[in-house]
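S.K.: So the protein lines, in turn, are chains A and B. The numbering of the first sequence is this note's numbering, which starts it at 1 and goes up by one. The numbering of the second sequence is this note's numbering, which starts it at 163 and goes up by one.
Everything labelled a hint here was simulated from the structure, so no lab data went into it. Predicted model, so just to flag it, every value in this text is computed and none were measured. No residue lacks a Cβ here, since even glycine has one placed at the ideal position from N, Cα and C. One or more of the hints may lead you astray.
Claimed, not checked - Keeping only pairs whose Cα atoms sit at most 20 Å apart, straight-line, the calculated EDC-like set for lysine to aspartate or glutamate is:
| no. | chain 1 | residue 1 | chain 2 | residue 2 |
| --- | --- | --- | --- | --- |
| 1 | B | Lys296 | A | Asp20 |
| 2 | A | Lys101 | B | Glu286 |
| 3 | B | Lys207 | B | Asp192 |
Said to hold, decoys possible - Covered, in the sense of this in silico footprint (three residues per stretch, anywhere, with C-beta under 8 Å from a C-beta of chain B), are these stretches of chain A:
| no. | stretch |
| --- | --- |
| 4 | 27-38 |
| 5 | 66-76 |
| 6 | 100-108 |
Claimed, not checked - Derived coverage of chain B by chain A (criterion: at least 3 residues anywhere in the stretch with Cβ under 8 Å from a Cβ of chain A; other residues may be distant):
| no. | stretch |
| --- | --- |
| 7 | 238-248 |
| 8 | 285-292 |
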Amino acid sequence: MTISLDLGCGPTPKNPFNADEVVGIDLIAYPDVTVLDLAIDAIPFPDNHFDYVTAYDVLQAIPRLIYNPDRRVSFVELMSEIYRVLKPEGTFLSYTPAYPKEGAFRDPTHVNYITPETFSLYFDNANHWAAMYGFKGGFIIETQEWSGQHHLVSSMKKPLGN
Amino acid sequence: MPTYSLDLGCGPTPKNFFNADIVYGIDVRDELEKNIYKADLITDKIPFDDAFFDFVTAHDFIEHIPRVLYTPNRSYPFVELMNEIWRVLKPSGKLYSLTPAFPAAAAFFDPTHLNFVTELTFSEGFSVNNPHTKAAGFKGEFKIESQNRQGPYLISILKKVEST
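From just these sequences and the hints, can you work out the full model?
M.R.: Here it is, written out as structure tokens:
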């Protein structure tokens, strides 16, 4: 029995790993979708709950820093939340337009400019640079490749024993 | 009928790219000259009625408008500004925007720049049915009349069309 979480899912949560069950979260209230703002809110699930978390065209819309009114490094906090709800050996898949591609900057709602180094230097378990900003976790970066003209596809795993 | 133009972030002298008969300006400063109104267009509406202007101009302005802001509630100031420009323009009214754009370093090097537009930001974000800007509250619609680059600048002329 496997379960997958799709962040910013829109009307139909994606299930690329063919999990037995899929849960979706979005800022917009679609039927059977949990409504929340990933820039502010925790992911409303217990620790070690999901086999997979996916984020298709989502991370580019997560602000890096907000005051609402308290200071929150929203992108770093979201990465901690993804790590927390993943089971050990669970996989996080991110599909996001990235620097230096034009598509990273084009849309009037994009605010988070990922580069190919963002995950492997800041959110991995070797360099782990985002720890200084409060990131709780450390992914094993498994694969990262460009897809189409603008998108970076990054697959990372939560290590065993965490 | 005289024509009216509004220059956003005008400084002491509102610009008049379209040679309108009457020119107003908006600026965030306190000491304002005649025909200049004070507003912070990141949080405030444009202080004019619907369909008041034939033209709106924005010289070195768009790059200073954040895309997402929490004050503390979530808003999309760039999308809201485009809504406001659309609202105060007459039918078929025009927006002139001059802004440093991707990938020029000038788009990024200024420590107050927040909004990194590309050659497709206006055409895809504000002139077609873009699900991201619609979800962020964009109600208007613009058509690109012309767009060209001059050095680091992207110069765009957009025409208001009735939203579909």
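S.K.: For each hint, tell me whether it holds in the structure or not.
M.R.: Okay, the hints, checked on the actual structure:
no., hint, in the structure
1, B/Lys296 <-> A/Asp20, "violated, 33 Å"
2, A/Lys101 <-> B/Glu286, "holds, 16 Å"
3, B/Lys207 <-> B/Asp192, "holds, 17 Å"
4, 27-38, "holds (count 3)"
5, 66-76, "holds (count 4)"
6, 100-108, "holds (count 6)"
7, 238-248, "holds (count 4)"
8, 285-292, "holds (count 4)"
The structure fails to meet hint 1 from the earlier list, while all remaining hints are met.
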